[in-house]
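**Student:** So the chains spell out like this:
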Amino acid sequence: MEILVPILSAAIRSGTPILYATLGEILTEKAGVLNLGLEGLMLLGAFSGFSATMVTGNPWLGLAVAVLVGMLVSAIHAFLCVSMGANQVVSGLAITMFGTGLSALLGKAYVGETIRGIGVMPVPLLEKIPILGPVFFNHDPLVYASYLLVGFLCWFIASTRWGLTLRAVGENPRAVDSAGLNVTLLRYAYTMIGGGFAALGGAYLSVVYTQMWVEMMTAGRGWIAVALVIFGIWNPLRAAFGSYLFGGVGALQLRIQAAGTTIPAPLLLMLPYVLTIAVLVAISIKKGKGILLGAPAALGQPFHREERD
Amino acid sequence: MRKNWAIAVFMAFLLVGTAAWAIAPVPAKEIKAGFVYVGPVGDGGWTYMHDKGRLDMEKAFPGLTSSIVESVPEGPDAVRVMETFVRNGSKLVFATSFGYMDFVQEVAKKHPDVVFMHCSGYKSAPNVGTYFGRIYQPRYLSGLVAGKMTKSNVIGYVAANPIPEVIRGINAFTLGVRKVNPKAKVKVIWLFSWFDPGKEKEATKALIDSGADVIAMHADSGAAPQAAEEAKVWVVGYNNDMSKYAPTRHLTAPVWDWGKLYKYTADKVVKGTWKSESIWWGLKEKMVGLAPFGKSVPDSVKKIVAAEQAKIVSGKWDVFTGPIRDQAGKVKIEAGKRMSDGDMLSMSWFVQGVEGTIPK
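Those protein sequence lines, which keep their order, are chains A and B. No gaps in the numbering here: position 151 of the first sequence is 150 in numbering that gives the first Met the number 0, and each next residue is one more. No gaps in the numbering here: position 144 of the second sequence is 143 in numbering that gives the first Met the number 0, and each next residue is one more.
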């Protein structure tokens, strides 16, 4: 247990930025829009969050700016995919390239600067619980917020009227349209909310976790989030599990090295990817048997009101 | 018709002639240089330091202008970038990463009138020189500081990728540590990436959790020093002075000064006396050095460092002088013998005192 606690605690810490991006992408994909721009949105979030924190001196304001930037940039994606009916894969990739380039260009002046970000705030009482306390309740406020968000989204998607509408937009937009709701508006909203979460995940890296800005600092976490949506089969709780698994394996391999064992680290690093492939295979097998598992039926398909299917 | 053809041919000759005349004699003062960078200038580390050196050079030679291309992958793209430099009139091209080696050879063969300088490689040609710095020397010196400052006798080392350059640094650092503190050991964690601040921070935390009270590093961002500052353990930076990431915990850092070499080369090219050579400069030439000591480093430690530094600068002794044993205790370098540069450049084993493995 002595060894396990720091590993689990590290798993949560390094899983949180991925978790935010994954939760955002779940919402976007549930609404039928595929956004492969997560990596770019995370980088823009990391940069804008950092620079806004530096300028204003307030990390919370920095996070807010990051969310705003994420929403604005993903609105471009929504415009292209929802309004113009463009190819969602291409548009998403373009957003990633755009975000990578723009954050690098604007971020030049901020390299090497330091900020006072958001530090660790243990939860009183709860942190005293043996094992669970140090693992779950000895983090920064954004980690706690992510717990609440996972719970909220589970409830929201499964048991609310809004959640039902969200699922319907992704499964059968024509039915939603017939019910008198605005499919375009809903898809815009969820794409932008998803983008905001992705940017928040990026800002978590720069404002809370490392408290510095360097180009390409997300180092592929946005892509992991895209994979985790499938790994979690569009379910927030399973996505959280997946994020912590990714974070945990990373932390575990570092600690295994520190402990001086000879298990090859690359082997461990491979593990989450192997699991993701396994889940993908499992989903396609089950689909063959006629059981629908997770993937929204209208994912990636533009909706044109005037056209008949 | 025939007349028109004759005129056209004449005009063509005239054009080619003018072009040749325009290219041939380059006035000494108007020289263009091109730099190929492997990362962004904004990395705050490796490429950042090269660019600082480039600016030093420009300042020293007002007639010399230079241009850069950042984040060039170590692949065929490098050829395109270097060809563009040459086409735009560059007479001097610096390729600043190991992986450009064969591409430099390829381009250099086509342009014998252009001087190419390749960083950290081992292939040269009449118009290709190589250059690198003996960063292992200041690494050894920083090891002396770390060995003196540790109380737990466990020192953590956050290392990027298992290549000879990094292994050499870990070994030199460990030799320094063990010179002043034979009981101490150096724990190594591999990141398997040059650049991932999140991972660098997590690795630092893992080392601290396993008992390290001094952290050294060979990675490109300041995340490790920052994590050390947070956990209140000592830290030795790398590339440049990283004390702003760890204001109270930064001991020192092995640092680069590429400007020395860039000025040296530019001078020779401007004067027309450049010849291909393999440059591997160290503390003596001041191409590498130590960042200023942190406030907590006692004078007695500074004295030890100064003495060892004098020994290296004098050339009488170098870091990899025997007896040196490997992890298993086997003598790798006999007493009194000095390791050859070739052996140093291909180092693939750890010295005694390092805890960790080199992935094959």
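Just so you know, the hints here were simulated from the structure itself, not pulled from any lab data. Virtual Cβ for every residue (Gly too), placed ideally from N, Cα, C. Watch out, some of these pointers could steer you wrong.
[Unchecked claim] Footprint (simulated), chain B over chain A, 3 or more residues, beta carbon under 8 Å:
| hint | segment |
| --- | --- |
| 1 | 76-87 |
| 2 | 175-184 |
| 3 | 196-210 |
| 4 | 245-253 |
**Student:** Would you mind marking each hint as holding or not holding in the structure?
**Tutor:** Structure-based check of all given hints:
no. : hint    : verdict
1   : 76-87   : violated (count 0)
2   : 175-184 : violated (count 0)
3   : 196-210 : holds (count 4)
4   : 245-253 : holds (count 3)
Violated hints, listed in ascending order, are 1 and 2; each of the other numbered hints is respected by the structure.
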